[in-house]
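K.L.:
Produce the entire structure from the sequences given, and follow the hints as far as they go.
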Amino acid sequence: MEIIPFANTGRQTTRLGFGGSGIMGALDRRQSLSMLRAAYDAGVRHFDTAPMYGYGEAESCLGEFLREVRGQVTITTKFGIPPPDSNAVTRLARVVARPVLQTFPGLKQVLRKTVIPIPGTSLSPVPPSEPNPIFTARQARESLEASLATLGTDHIDLWLLHEVTAQDLTARDGNHELLRVMEDAVRDGKIGAFGAGSHRDQIPELVRTQPDFCRVAQFEWSVFDPAIPDTAYPRIHHRALSQHLPLLVAWLQASPATCLRWSTEVGADLANARVLAQLMLKAALVMNPASVILFSSKRPEHILANIDVAEDMTLDQPARRLHALFQRERPPIPA
1150 MEIIPFANTG RQTTRLGFGG SGIMGALDRR QSLSMLRAAY DAGVRHFDTA
1200 PMYGYGEAES CLGEFLREVR GQVTITTKFG IPPPDSNAVT RLARVVARPV
1250 LQTFPGLKQV LRKTVIPIPG TSLSPVPPSE PNPIFTARQA RESLEASLAT
1300 LGTDHIDLWL LHEVTAQDLT ARDGNHELLR VMEDAVRDGK IGAFGAGSHR
1350 DQIPELVRTQ PDFCRVAQFE WSVFDPAIPD TAYPRIHHRA LSQHLPLLVA
1400 WLQASPATCL RWSTEVGADL ANARVLAQLM LKAALVMNPA SVILFSSKRP
1450 EHILANIDVA EDMTLDQPAR RLHALFQRER PPIPA
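Per the working numbering: the sequence shown = residues 1150 to 1484.
Hints were generated in silico from the structure; no laboratory data involved.
Relax, there's no trap hidden among the hints.
DMTMM-like mimics (lysine to aspartate or glutamate), calculated; alpha carbons at most 20 Å apart, straight line: (1) 1339 <-> 1291; (2) 1339 <-> 1326; (3) 1339 <-> 1213; (4) 1447 <-> 1177; (5) 1447 <-> 1190; (6) 1339 <-> 1294; (7) 1447 <-> 1213; (8) 1339 <-> 1361; (9) 1339 <-> 1303; (10) 1447 <-> 1457.
Label pairs and their calculated CB-CB ranges: (11) 1361 <-> 1418: 43 to 49 Å; (12) 1298 <-> 1450: 33 to 39 Å; (13) 1298 <-> 1336: 16 to 22 Å; (14) 1358 <-> 1392: 27 to 33 Å; (15) 1378 <-> 1358: 15 to 21 Å; (16) 1438 <-> 1234: 40 to 46 Å; (17) 1279 <-> 1423: 41 to 47 Å; (18) 1478 <-> 1337: 48 to 54 Å; (19) 1393 <-> 1357: 27 to 33 Å.
All values derive from a computational prediction rather than experimental measurement.
Each residue gets a CB set at the ideal place from its N, CA and C atoms; glycine is no exception.
P.N.:
Encoded structure:
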């Protein structure tokens, strides 16, 4: 697989990175470790995680895996969304939820949108009109030290402010203290680089108003999105295979004339969900040639299939044509 410089860390890594949001979620620890190993054995050398992933257990699972391979991989973790409280109730909820999510994987997105806030816990969302009070120097130090310990490493290659907004950083006078914590962590070798990992709609204002925090940006990109001009900051992208892929497949299959025309123009059978998914992933790679592209998987064969897509140059031009079609005709599917 192609190797590229990893952000501004001074290290190199693979074009494809393994997104760990599903680790210790629908998968138990044994299955999660198996997926991490499968990704590594397939050639993936970048792994992305966060303290809140996998009911708060994803970092420790990745840390267990890293014992054997830390020097050969790059890792990203984040600060800004704390792990859920660990108590008997939440532990029981994990046991109950895991097999349900394995059977109905789409339920995870529904639950994220409909979760009932619990005052005094990490499930209590900050109203969008208010700055998130977690982004302070003190909490940043504590989160970094906790992640280093949980991952079992003395350094993190990339550390991102998780779901941060410009308002979070401009609404308080002490944001220079937070920046100093991050810069000191780079100086001390605890992190290689830092940046912002947020929704794509938040990135432009963050870059405009808080460029010092946006030395790397991680956000969504799929064929629904326009091409991104060259940026002064390195980028990492995820969600290339939009969660709406099944809707897109259904729309194309229900519109035979459009599907045939698109398939002819692209040079691939877009009625085939597997082919469409391959080209959507490839589009993320070819349209963002200097970026790491994250993917997630719960099956080893899907990991291998994604590696094949990354290495298959015959898909480059069909993927570019697919992206051009999306930008020109805008299928009626929510991005």
